[in-house]
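Both chains are sitting in their own frames, so use the hints and assemble them into the complex.
If you read the sequences in order, they're chains D and P. To convert a position in the first sequence, counted from 1, into our numbering, add 2. To convert a position in the second sequence, counted from 1, into our numbering, add 33.
All the pointers check out, no bait thrown in.
If we take Cβ atoms under 7 Å as the criterion, some of the chain D residues that face chain P in the derived model are:
hint, residue
1, 38
2, 39
3, 40
4, 42
5, 46
6, 50
7, 52
8, 56
9, 57
10, 58
11, 197
12, 202
13, 205
14, 206
Here are a few chain D residues that sit away from chain P, every Cβ distance over 12 Å (derived from the structure):
hint, residue
15, 64
16, 68
17, 146
18, 214
19, 224
20, 258
21, 277
22, 287
The set of hints was computed from the structure by calculation and includes no laboratory data. Being a predicted model, the structure only gives us computed values, none of them experimental. All residues carry an ideal CB built from backbone N, CA and C; glycine is no exception.
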Amino acid sequence: MTWTWLIGAVLFLILAPVAGGLIAGIDRRITARMQGRVGPPLLQPFYDVGKLFEKENVVVTTAQNFYVLAYLIFIALSGALFFAGGDLLLIVFAFTLAHVFLVLGAYAVHSPYSHIGAERELIQLMAYEPMVILAAVGLYMVTNSFYVADIATTTIPAILYLPGVFLGFATILTIKLRKSPFDISTSHHAHQEIVKGITTEFSGSTLAQVEIAHWYENVFLLGFIFLFFAWNPIIGVAAVVVTYVAEIFIDNVTARVRWQAVLKSGWLAAVLALANLAILSYMMLGGV
Amino acid sequence: MSTMAYLKRSPWILHYDASSCNGCDIEVLACLTPLYDVERFGIINTGNPKHADILMITGGINELNRAVVRNLYEQMPEPKVVVAIGICAATGGIFRECYNIAGGVDKIIPVDVYVPGCAARPEMIIDGVVAALSILEEKRAKMTGNAQAKEAARQAAEAGEST
Chain D
3 MTWTWLIGAV LFLILAPVAG GLIAGIDRRI TARMQGRVGP PLLQPFYDVG
53 KLFEKENVVV TTAQNFYVLA YLIFIALSGA LFFAGGDLLL IVFAFTLAHV
103 FLVLGAYAVH SPYSHIGAER ELIQLMAYEP MVILAAVGLY MVTNSFYVAD
153 IATTTIPAIL YLPGVFLGFA TILTIKLRKS PFDISTSHHA HQEIVKGITT
203 EFSGSTLAQV EIAHWYENVF LLGFIFLFFA WNPIIGVAAV VVTYVAEIFI
253 DNVTARVRWQ AVLKSGWLAA VLALANLAIL SYMMLGGV
Chain P
34 MSTMAYLKRS PWILHYDASS CNGCDIEVLA CLTPLYDVER FGIINTGNPK
84 HADILMITGG INELNRAVVR NLYEQMPEPK VVVAIGICAA TGGIFRECYN
134 IAGGVDKIIP VDVYVPGCAA RPEMIIDGVV AALSILEEKR AKMTGNAQAK
184 EAARQAAEAG EST
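The shape of chain P in the complex, shown without the other chains (with noise of 0.2 Å):
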């Protein structure tokens, strides 16, 4: 199973608006229509977090949502990338200096794959999303490997106690 890697070929996504203008939005969301249909490699838009493998979030990060961002990426199960969709969510774009925006994503939670733009276009994005599989393939090989040395530690450690 450990070699067999299904991760890459069925990536959920979850899609939150931190605070976009909801220009990324609608490009995120015309990754789903049928001139792109992204389910064509198994990604589907679900709105649980405990479902999804990918978040993309959209906009800066605003003083109110700071912890919404935050439980959302702790709720998803590892293995889990985080892909900033357009300008603003990579930096805080043109609102970086208004009062109420903490700036891009990765003021919050860590950021795998920056997706530039105003708005990003929905190639771009799926571009994002692939580059997006490849580090989630790394994390899962992590993953599996960092359990595999855990068990391989305690068998090591049980044998140790009989002998």
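One chain only, chain D, in its complex shape (with noise of 0.2 Å):
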């Protein structure tokens, strides 16, 4: 029993970068079809990283390859806290502590567009924050603990006491899966606009460790979405599908904002979770 956690958190570190790339492959296949394109093979992503790890490394400052890897270290380490059924505080602060290890790493170098990118990366990182800890405390609020395996063996339907939490987390979702109209610091679809943003410098295996890091992020993401659906599994999964659809759907529809709109859209997100949030602790005061 005691050792039931370790299996999730080894399950993750092992499966995620799998689940990871697949959900990028499928990911460019339907963006493919949606521009009336056939789109590149199912396993795409991983050709991408295999070939990364194939060429030659090219390094100016030595310090930005010890920093990428703190980044793919730390989102590991967040979402095998999460998948282990750890305490979802402390994974939100691995994970934001990651993030700061790749703006780190692109400040490290002497480019301007790799610094642009890292400003942006942390204007993002202040519009998600906020949001992200929110939707900790509304999950706390219902279930009365901050440990994720208590949330995703609840049997009280989150979703339903937290609708608005969930749109503010679905709005900084586009954020954090670099999807348009909010992908402002990695330029992932813009490809010529300041060259390539956070990861303008980094080239070979560590723009692959950059691009790993960001499966297993994804897969935390969507794991951190079927917590609100956790009291009937198959929905869950069903609302965690809908969910990254919708997302692929937004991203082709819609143009990239300035990084001010990110902010505000961000922080507005974050004062629709709280209004939630005030709703929620007014009725269990006992206000009704």
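Written as structure tokens, this is what we have:
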């Protein structure tokens, strides 16, 4: 019993890159179909990462490799803690720390493009961080626990108490999945604008590590979505799929916005969540 | 890993207009549209030399962008190939006698594939990239071979020192 938490963590560390890569492949195919194209093979993300490991490692400042490795490790750690059923607050802080390492990696080099990407990543952090913490608080208010293990096994339909929090989380999920209209720091789709944002100076195996970290991150975030529907696993999985397809749709029908709009959207999402939590606490105090 | 050759399945392209009339550029971009959709082959148009595997250049080199082309080429990590698109990139074309034109791309950096035409058609450009892929694969095999030989020599030297 005491060791069951370890199984979740180990399974996440082994399977999440596989699942994350497949999700990225499905994402690229659906995106291509939405644009009237055939699109790349399903396993294309794995070919890309395999290719990056075959390339020469061009490094100007060696510190950048260390920071990117730290980014990968802390993303994997926060996801492993999540699937081990750990404390949601600790997970959120480890997750934030991981992104701080990515920003430091981009600042370690002397490229203005990389610095612009790093600044924009910091703006994204400011935009989504309040909402992520409020999501953890909301799940605590409903289930009386910050532990993922308790939240995931609750019989209370959290989504019915937290519709505002869920909508807010779905909004910042667009930032986290690096999708349009909020993909301002990596320039993921605008391939030629501010060169390649935060990843400009990362190449070869270092870029591959950023990509693998992104796969870990996506699986962790989809797990977070599941928590809102955890009382019924079938509905939970369906909700995760619907949310992700909706994100792909939004990605394809919107143009990128400026960073001010990202910040406003993130904080508006947090205000929506706060209003939700205020009503919830009023009801819990026996106001109704 | 060395036998697996992912490089051919995921070539990322850097497109640079040296001094093209834009005719070939439009044809290069046409390859990315839904009609030709080169992403089917994992080809992505990246704006960053540090992420690129194939450098596609249109137009002849002029005196002002000599240094730019050389810089772009040098920033690309090995293995890499250069594809010269259109007759101007191959020889300077009708602009070859202009006072400001240095000539074809191979005056400045080594070129692996020449795609002729004025303008080069998208089908020809895709053919050129496919030809470039096998050269890219050769270069990768050579690079890994060299790295392994170097490693073997280093280990042999260490073994020699210890005995």
